[in-house]
Each structure stands twice: as structure tokens, then as C-alpha cells.
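Peer 1: Below are the chains, spelled out letter by letter.
There are 2 protein chains.
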Amino acid sequence: MAAKKMNAFYAQSGGVTAVINASACGVIETARKHKDKIGKVYAGRNGIIGALTEDLIDTSKESTKAVAGLRTTPSGAFGSCRFKLKSLEANKREYERLIEVFKAHNIGYFFYNGGGDSADTCYKVSQLSETLGYPVQAIHVPKTVDNDLPITDNCPGFGSVAKYIAVSTLEATFDVRSMCATSTKVFVLEVMGRHAGWIAAAGAMASTKDCELPIVVLFPEVLFDQKKFLAKVNGLVKKFGYCTVVVSEGCHYPDGKFLAEQGTRDAFGHAQLGGAAPVVANMVKDALGYKFHWGVADYLQRAARHIASKSDVDQAYAMGKAAVEFALKGHNSVMPTVERVSNAPYKWKVGMAPLSKVANVEKMMPKNFITADGFGITEKCRQYLAPLMKGEDYPSYKDGLPQYVTLKNVAVPKKLSKFDL
Amino acid sequence: MAAKKMNAFYAQSGGVTAVINASACGVIETARKHKDKIGKVYAGRNGIIGALTEDLIDTSKESTKAVAGLRTTPSGAFGSCRFKLKSLEANKREYERLIEVFKAHNIGYFFYNGGGDSADTCYKVSQLSETLGYPVQAIHVPKTVDNDLPITDNCPGFGSVAKYIAVSTLEATFDVRSMCATSTKVFVLEVMGRHAGWIAAAGAMASTKDCELPIVVLFPEVLFDQKKFLAKVNGLVKKFGYCTVVVSEGCHYPDGKFLAEQGTRDAFGHAQLGGAAPVVANMVKDALGYKFHWGVADYLQRAARHIASKSDVDQAYAMGKAAVEFALKGHNSVMPTVERVSNAPYKWKVGMAPLSKVANVEKMMPKNFITADGFGITEKCRQYLAPLMKGEDYPSYKDGLPQYVTLKNVAVPKKLSKFDL
Numbered sequence: 001m002a003a004k005k006m007n008a009f010y011a012q013s014g015g016v017t018a019v020i021n022a023s024a025c026g027v028i029e030t031a032r033k034h035k036d037k038i039g040k041v042y043a044g045r046n047g048i049i050g051a052l053t054e055d056l057i058d059t060s061k062e063s064t065k066a067v068a069g070l071r072t073t074p075s076g077a078f079g080s081c082r083f084k085l086k087s088l089e090a091n092k093r094e095y096e097r098l099i100e101v102f103k104a105h106n107i108g109y110f111f112y113n114g115g116g117d118s119a120d121t122c123y124k125v126s127q128l129s130e131t132l133g134y135p136v137q138a139i140h141v142p143k144t145v146d147n148d149l150p151i152t153d154n155c156p157g158f159g160s161v162a163k164y165i166a167v168s169t170l171e172a173t174f175d176v177r178s179m180c181a182t183s184t185k186v187f188v189l190e191v192m193g194r195h196a197g198w199i200a201a202a203g204a205m206a207s208t209k210d211c212e213l214p215i216v217v218l219f220p221e222v223l224f225d226q227k228k229f230l231a232k233v234n235g236l237v238k239k240f241g242y243c244t245v246v247v248s249e250g251c252h253y254p255d256g257k258f259l260a261e262q263g264t265r266d267a268f269g270h271a272q273l274g275g276a277a278p279v280v281a282n283m284v285k286d287a288l289g290y291k292f293h294w295g296v297a298d299y300l301q302r303a304a305r306h307i308a309s310k311s312d313v314d315q316a317y318a319m320g321k322a323a324v325e326f327a328l329k330g331h332n333s334v335m336p337t338v339e340r341v342s343n344a345p346y347k348w349k350v351g352m353a354p355l356s357k358v359a360n361v362e363k364m365m366p367k368n369f370i371t372a373d374g375f376g377i378t379e380k381c382r383q384y385l386a387p388l389m390k391g392e393d394y395p396s397y398k399d400g401l402p403q404y405v406t407l408k409n410v411a412v413p414k415k416l417s418k419f420d421l
Numbered sequence: 001m002a003a004k005k006m007n008a009f010y011a012q013s014g015g016v017t018a019v020i021n022a023s024a025c026g027v028i029e030t031a032r033k034h035k036d037k038i039g040k041v042y043a044g045r046n047g048i049i050g051a052l053t054e055d056l057i058d059t060s061k062e063s064t065k066a067v068a069g070l071r072t073t074p075s076g077a078f079g080s081c082r083f084k085l086k087s088l089e090a091n092k093r094e095y096e097r098l099i100e101v102f103k104a105h106n107i108g109y110f111f112y113n114g115g116g117d118s119a120d121t122c123y124k125v126s127q128l129s130e131t132l133g134y135p136v137q138a139i140h141v142p143k144t145v146d147n148d149l150p151i152t153d154n155c156p157g158f159g160s161v162a163k164y165i166a167v168s169t170l171e172a173t174f175d176v177r178s179m180c181a182t183s184t185k186v187f188v189l190e191v192m193g194r195h196a197g198w199i200a201a202a203g204a205m206a207s208t209k210d211c212e213l214p215i216v217v218l219f220p221e222v223l224f225d226q227k228k229f230l231a232k233v234n235g236l237v238k239k240f241g242y243c244t245v246v247v248s249e250g251c252h253y254p255d256g257k258f259l260a261e262q263g264t265r266d267a268f269g270h271a272q273l274g275g276a277a278p279v280v281a282n283m284v285k286d287a288l289g290y291k292f293h294w295g296v297a298d299y300l301q302r303a304a305r306h307i308a309s310k311s312d313v314d315q316a317y318a319m320g321k322a323a324v325e326f327a328l329k330g331h332n333s334v335m336p337t338v339e340r341v342s343n344a345p346y347k348w349k350v351g352m353a354p355l356s357k358v359a360n361v362e363k364m365m366p367k368n369f370i371t372a373d374g375f376g377i378t379e380k381c382r383q384y385l386a387p388l389m390k391g392e393d394y395p396s397y398k399d400g401l402p403q404y405v406t407l408k409n410v411a412v413p414k415k416l417s418k419f420d421l
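Protein chains in written order, with UniProt numbering: chain A, 1 to 421; chain B, 1 to 421.
FYI, nobody ran anything at the bench for these hints, they're computed from the structure.
Honestly, I wouldn't trust all of these hints.
Since the list gives no way to pick out one identical chain from another, each pair is judged satisfied if it fits inside one copy or across any two copies.
[As the list claims (entries may be wrong)] Distance condition first, Cα-Cα at most 27 Å in a straight line; then the derived DSSO-like pairs of lysine-lysine:
no.: 1; residue 1: Lys92; residue 2: Lys33
no.: 2; residue 1: Lys398; residue 2: Lys380
no.: 3; residue 1: Lys84; residue 2: Lys285
no.: 4; residue 1: Lys390; residue 2: Lys103
no.: 5; residue 1: Lys232; residue 2: Lys415
no.: 6; residue 1: Lys349; residue 2: Lys37
no.: 7; residue 1: Lys227; residue 2: Lys415
no.: 8; residue 1: Lys380; residue 2: Lys390
no.: 9; residue 1: Lys414; residue 2: Lys257
no.: 10; residue 1: Lys33; residue 2: Lys238
no.: 11; residue 1: Lys408; residue 2: Lys238
no.: 12; residue 1: Lys310; residue 2: Lys415
no.: 13; residue 1: Lys291; residue 2: Lys310
no.: 14; residue 1: Lys367; residue 2: Lys380
no.: 15; residue 1: Lys398; residue 2: Lys228
no.: 16; residue 1: Lys257; residue 2: Lys227
no.: 17; residue 1: Lys418; residue 2: Lys228
no.: 18; residue 1: Lys415; residue 2: Lys347
no.: 19; residue 1: Lys239; residue 2: Lys103
no.: 20; residue 1: Lys84; residue 2: Lys35
no.: 21; residue 1: Lys285; residue 2: Lys257
no.: 22; residue 1: Lys227; residue 2: Lys349
no.: 23; residue 1: Lys239; residue 2: Lys61
no.: 24; residue 1: Lys92; residue 2: Lys398
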């Protein structure tokens, strides 16, 4: 643990979520409660790039109200980035620069808020004491809509996307059900998840014991079998009159080719424009003749703070808070985790994982979460997902719009020379 | 006005909305309060088709709680349809069948819940007394996400879509703003509205005086000028670092060709699969090189009861209630309307329009609602839109999902022979 009072660095990394700012809120509010030990919290403008370019934001300039507002504001309030530090051997210059910036601004705590790649960066920073002799405590704050970090029961960011996709699938399926007699019979919704089908699985949550709905899920974990898929859709339309298909962007053929890659060319020979949803919709139309509609949720799903899950918001905040508390207890190279205690009632507590076991490990959906036919989720999966979507945590509104905060993001005066990325 | 106690017929028509069931709730609850004058409310299964095929639903079999639940349930609870009655001259057989069904089930009130085409059907039914000697009072209940009915200030269904698109545009734009330093710089969202740009206009509401955001709107009312559009996007990205484009599905070139029609062919020579959003996104990428993401809201926007506008829900209910009250006062061939009284505070009252002036008239956006450059909305438009999006009216939730109702939809025993559509 840092012997004297040191400043903290916090940065957001990778794709943003509806609740990553709730983690930022947890970090900043908790640090402010320990002013005897932690000086200022400096945020990296656009993630780790802000550290490398000495583009730091002084969060002490933000009011208590603005910081509290982060809890209900989606996206990354300080800017995020897609930038992975190479290994120390491959790019020692970047690590030396980090130390230079940390020294110049008296930074002894490093809080990095991101997914798998970011955990790797955080792990490398956590070793700077050993590798380059600079004492810094690096704590990773988990965040990813993909829900693919290991050890933790789930990742903040995922529960809210899951809720958004389940609610949207429910609503769109009710729509199709209304129209199917004379119009659309199949609705296709494309969702995120290039490697893991967690988000797609949430679509199946729209169907419940109280209200059974015909939903077909196409997972990246299940190799796409066109014949089997069309038979499934046809069977459901014959039985219910309609059906909804939730397709993961990562769904692919046995040869690894994504569904979205159809070799389509426009008049100028450019590669095709669409995603997996229009491909699947047209496949159904061509083979079965059913009228279709399709949607692509894209950023709408991961930014949808208006329908965030309360479990998710609470956990995102708790991860930020725990990161600061771990640091104050002298920990380095760890990540707070969500540990599930029970499903009914849903109880969870904060755990701790060593970064060495988190970095570069991807958690896929367990096989027993997917039904035997490959198109749905099992009861075990439902029990896992349900608590994560539970509870509402609405932002406040003014004139019909959520009151999301935009911070002042005042720059800390630079002390060093320019650094070229 | 029907001399003796008669039953009522109610049907939902055309594309459903987040609040059309709130109108159904208004009709049924109000009719139940006047059991001395109105017998049962029979709903058409799948709209007017239910009347023609004598497939009637006995709404008296639904509990008070289930009917109340319609107020917070999106989609069409009785099924809707896309089916327009031809003129009396062109298809007298259908009108005679309607009368046959009305007579068999003692129906003296006809409530038709739909948009422009439906108003035309309702108008024709309202003339049956004159044309074919059957006394029926036909009242149209306005509904359309397109907001294109004349006389009424706005259409129930639109306010909730507007809110959904404004909130989604806000959230996705915050997302792009976070990522633009190293990743996506332009986000494109495709919205409904083939003829009128009302829904697209709502996207621009995400930018406010308190929080200015770079949003470009592509209206169907403004002929698409690629050069001007690309210059606009480039200017905004240069100034803000990012921008969002909200494109109406109806946006088209001066020759009438829709943006979505790019002559794209797949490997089998089938016509292109995508919508306007991927076309616009790729156009930006090709000309300006910016990384993009795109989304297509499709049914998600019109089914999004979870983020419905309270103004919209209240008005949808009020239109259903007023329709019954108008009928009880002896009116025929009319439609209740929303009359705006004031903007600040927002006040409105129920008005009445003759169906002869509603049927087949399409209300486009006024020219002074669109900015001179054709890519935004004026202050006048903001003042019009803001009240329609105002207020939240959340459904109740259980285990993370909205508790939407599915009715029993018990069929009324048939009395007539089969009718082929």
C-alpha cells in the first residue's frame, strides 16, 4: 500500500455500457470518503491514452451532484478507447511513459475499468513495481456487455443489456403476434456477442411459463445449420402463426464464416452492407415465403440506461467501491468480483480475483445452458439470467428525456513533454 | 343513436403501437360504465377480418384486471390486420356481409382503431345507414405512429415512438461520443416513416440547449443530396469528433428512389438485403473514411411500451373513452381528436372531427418545422414535439420483465355461414 497520500488514476476501456459510469461513481465517491489516504482521482481522457499522453481529467472539479449523476448516465463519461498495451518486451517505451506520468502526478493507485483486454493491460501495470521498480497498486474494475470475464459470476454491463434485449424481444414479439394473420410472420433481431451467446440467450427470457412465446435463438456457440433452422422456424409458425428469431452477430457456419458474410456486392462491387439479421430474414423469406421484419439493436442495446437492471447498476457501483477499498487495504493486481450466494431470493457479495487468472481468459456459455436442439436456453440458464435482469433503476426525466450528465472534464495542467502514440 | 340497447364492435387496424391497447382499454372500460345503453363489446379478431368472418371476441369474458392491464400492454391485444375495404360499388358483398354480422350479433356501434386507411373504412361503415339502410354509429379512434392524420393535433402512438427514438438517439450518441477518439465516429439509426418525417424529427430532440449533440436528420420530405449530406457529416465530425445520423426509411433521391434501393445483389442475384442505415453508413465510410456503426429500430420503436410517453398513454385512453361517449350522444361518422390548448404548461382537450374530412388525407410535416439546411428541426418543431414525449408511465415488472397482459380472447359462438375473404 502506498505509504504516503497518493493520487489515483481511473480510466474506462473498450466498448462502453449503460452502467460503466456507475462504477466510476463508485470509485470517485469512495475515494472522496478517504481523503486522508487518497488525494485526487484523475481520470484518463479516452482511457489509457489519457495516461500515455498526460491528458488527465481532474475529477475533483466535478460537483457532488455531477458525480452522483454518473450512476444514472450511460456511456463513458471520460471517453473510452480501444488500445491494448503491448508486452513490456515489445514496447517498454509505453510503460516507461506511464511511470513518468504517474511520478509527475503523484499517482499510486491505478483503477482500470474494462473487459478481458483491459484486464491484461491492468495486469501488466500491476507488475510495474516488480518489472520497473515503480510502486503502483493496479486494480481492475470489471465491465463488459459480453459477460465473458472469468471467475466473477457475471460482469457489470451485461445485466442491463440482457434486460434490454429480453424486453425488446418481448415487445417486438407481441407486435408480430398482433400482425401475423395478414402481415409479418417472422421478426429477426440481431444482437451483440461475437464470441459468446450470453446476450442472445437473454432474448429467450421473453418467453415465460406465464406467457409462452415462440423464440428461436442463434448462438455463436452453435454451428449454424440452415436446414435445421428453417425447419424450426417453420414448425413454430405453423403452431403459433408467427415467431421471433434472435441472432447473435457472431453466429457462423461450420467453416467459420459468419452469417453476415454472404458475398453480397453492390452495383460498384463493394462488399455487402447488411448484418446477420437481414441475411436470416431473407433466408426465411426465400425458403418459406413468410413476410418478415428485422431490426439491429447495435449501440441501442449497450447504451440503454433507461431500462437498466437494478442488479446491474448496484453491482457496477459496488465493483468501483470495492476496487478503492481493496487498494486501501494494500491489494495489488486484483479484480473485485460478483459472487452469487443464492438465486431465490437473489443474494450476492463482493469477492476478489487475482488478475493473473483473469487476463486473457474468455468465459463462454456452459453447454448445459443451451437446449439440446441448439435454439433455446435451459432452465439452468434461466435461473442464472433472471436475477441479473431484476429490478428497475430509472434515471430522472425532464421534458421527456432522461437527465444524463455531461461532466466538465477539466484537464490537469501538463508537466511533461509530448508523447507520440 | 341506437334506440334500444345494442352491442358494440371494436377492432384494431394496421400497424400496432405501444398504446393502441390503451385506447381499447378506454373503449371497454367506458362501455362497461354504460351497461344500460351498451350491451357487450365484441372485438374483431385480427381487425375488420374478424367482422367479415364472424370471428368475434367476447370482451365481457375478460376480468376488470385484465382490461385495466391493456393500458400498459403494447401491440394489438385482439390482433390487427392490413385490410382495406374497397368501395361499396367495387365490393358490395363485403358491406352486406358486415350488416349480416352486425344484425346477427345485435351490433349498433362500430369503433375502429387505426390510421388513415382505417379512417376510410370507418367512414364507409358510417354510411351504411344511408347506403344500405342498416343503422350503425361508426366512430374512428385515431392511432398511428406516423402521426399523419389530419385535424387532430397529434396521433396516439406517435408520442411514444418519438420518445423512444429521442431517448435511443441520446443514448447511442453518448456511446459514440465516448468512443470516437479511437473507434466509431458516426452512428446511423434508421427509423420508421415512409412518407412523413415525424419520427425522424424526434431523433433531433436528443440535442438540447443544456447538452448540444451533433445529430443529422434525413427526412423523407427533403430530397437526398449526397454531396451536401457528406459535407454536413464531415463538418460535424471535424467540430465534435463524432456525429449521429437519424435516417427515415422513406428518405429518397430526387428521382424518387429510396436510399435503401442500391441495386445490391447477393451471390444468387437476389435483390439487396439491407435498409437505409447500412447504405448511409457505408456512404460515409467510402467518402470520408470514418468508422461507423448502424442500427435499425424497426418494431422495437413502435412496440416500446416500457418507455411510453405519459401524454401519449393518456391521450390514447382518452380517445377510446371519447369514442364511446360520442356514440352515446348519438354521433356517427366522427373521430375524437387531440386539441392542443397550450404548450407551457402543456394542456390539451378532446375535440371532434368529421370522418369525411379525415379519410384519405395525409398530414406531412410543415415546412417551417425543418431547418433551412434540411438536416434538423426548428424551435417551432421542438415546441410541438416536446409535450408529446412528456411524462413516464411505466408498466409494472416481475423478475425483470414488464407484466404485459395476454387476453383469453374467447370467441363468440358463430350464427352465420362461412364467408370467404
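Peer 1: Now, for every hint given, state plainly whether the structure supports it.
Peer 2: Against the structure, the hints come out as follows:
1. Lys92 <-> Lys33: This pair counts as neither: shortest intra-copy Cα distance 36 Å, inter-copy 79 Å.
2. Lys398 <-> Lys380: between (41 Å within a copy, 19 Å between copies)
3. Lys84 <-> Lys285: between (42 Å within a copy, 24 Å between copies)
4. Lys390 <-> Lys103: neither (43 Å within a copy, 50 Å between copies)
5. Lys232 <-> Lys415: neither (64 Å within a copy, 38 Å between copies)
6. Lys349 <-> Lys37: within (25 Å within a copy, 61 Å between copies)
7. Lys227 <-> Lys415: Neither way: Lys227 and Lys415 sit 64 Å apart in one copy and 44 Å across, limit 27 Å.
8. Lys380 <-> Lys390: Result: close within a single copy only, 17 Å intra versus 41 Å inter.
9. Lys414 <-> Lys257: The answer is neither: 48 Å in one copy and 54 Å across copies each exceed 27 Å.
10. Lys33 <-> Lys238: Close neither inside one copy (61 Å) nor across copies (40 Å); limit 27 Å.
11. Lys408 <-> Lys238: Cα proximity of Lys408 and Lys238: across copies only (21 Å, versus 57 Å in one copy).
12. Lys310 <-> Lys415: Cα proximity of Lys310 and Lys415: none, with 42 Å in one copy and 52 Å across.
13. Lys291 <-> Lys310: Intra 37 Å, inter 33 Å, cutoff 27 Å: neither.
14. Lys367 <-> Lys380: within (11 Å within a copy, 56 Å between copies)
15. Lys398 <-> Lys228: Cα proximity of Lys398 and Lys228: none, with 49 Å in one copy and 34 Å across.
16. Lys257 <-> Lys227: Classified as within: same-chain Cα gap 17 Å, cross-chain 35 Å, threshold 27 Å.
17. Lys418 <-> Lys228: Close neither inside one copy (58 Å) nor across copies (37 Å); limit 27 Å.
18. Lys415 <-> Lys347: neither (47 Å within a copy, 57 Å between copies)
19. Lys239 <-> Lys103: neither (68 Å within a copy, 34 Å between copies)
20. Lys84 <-> Lys35: Result: close neither inside a copy nor across copies, 31 Å intra and 71 Å inter.
21. Lys285 <-> Lys257: both (21 Å within a copy, 23 Å between copies)
22. Lys227 <-> Lys349: neither (45 Å within a copy, 56 Å between copies)
23. Lys239 <-> Lys61: For Lys239 and Lys61, only the inter-copy Cα distance (25 Å) is at most 27 Å; the intra-copy one is 61 Å.
24. Lys92 <-> Lys398: neither (49 Å within a copy, 53 Å between copies)
Violated hints, in rising order: 1, 4, 5, 7, 9, 10, 12, 13, 15, 17, 18, 19, 20, 22, 24; the structure is consistent with all others.
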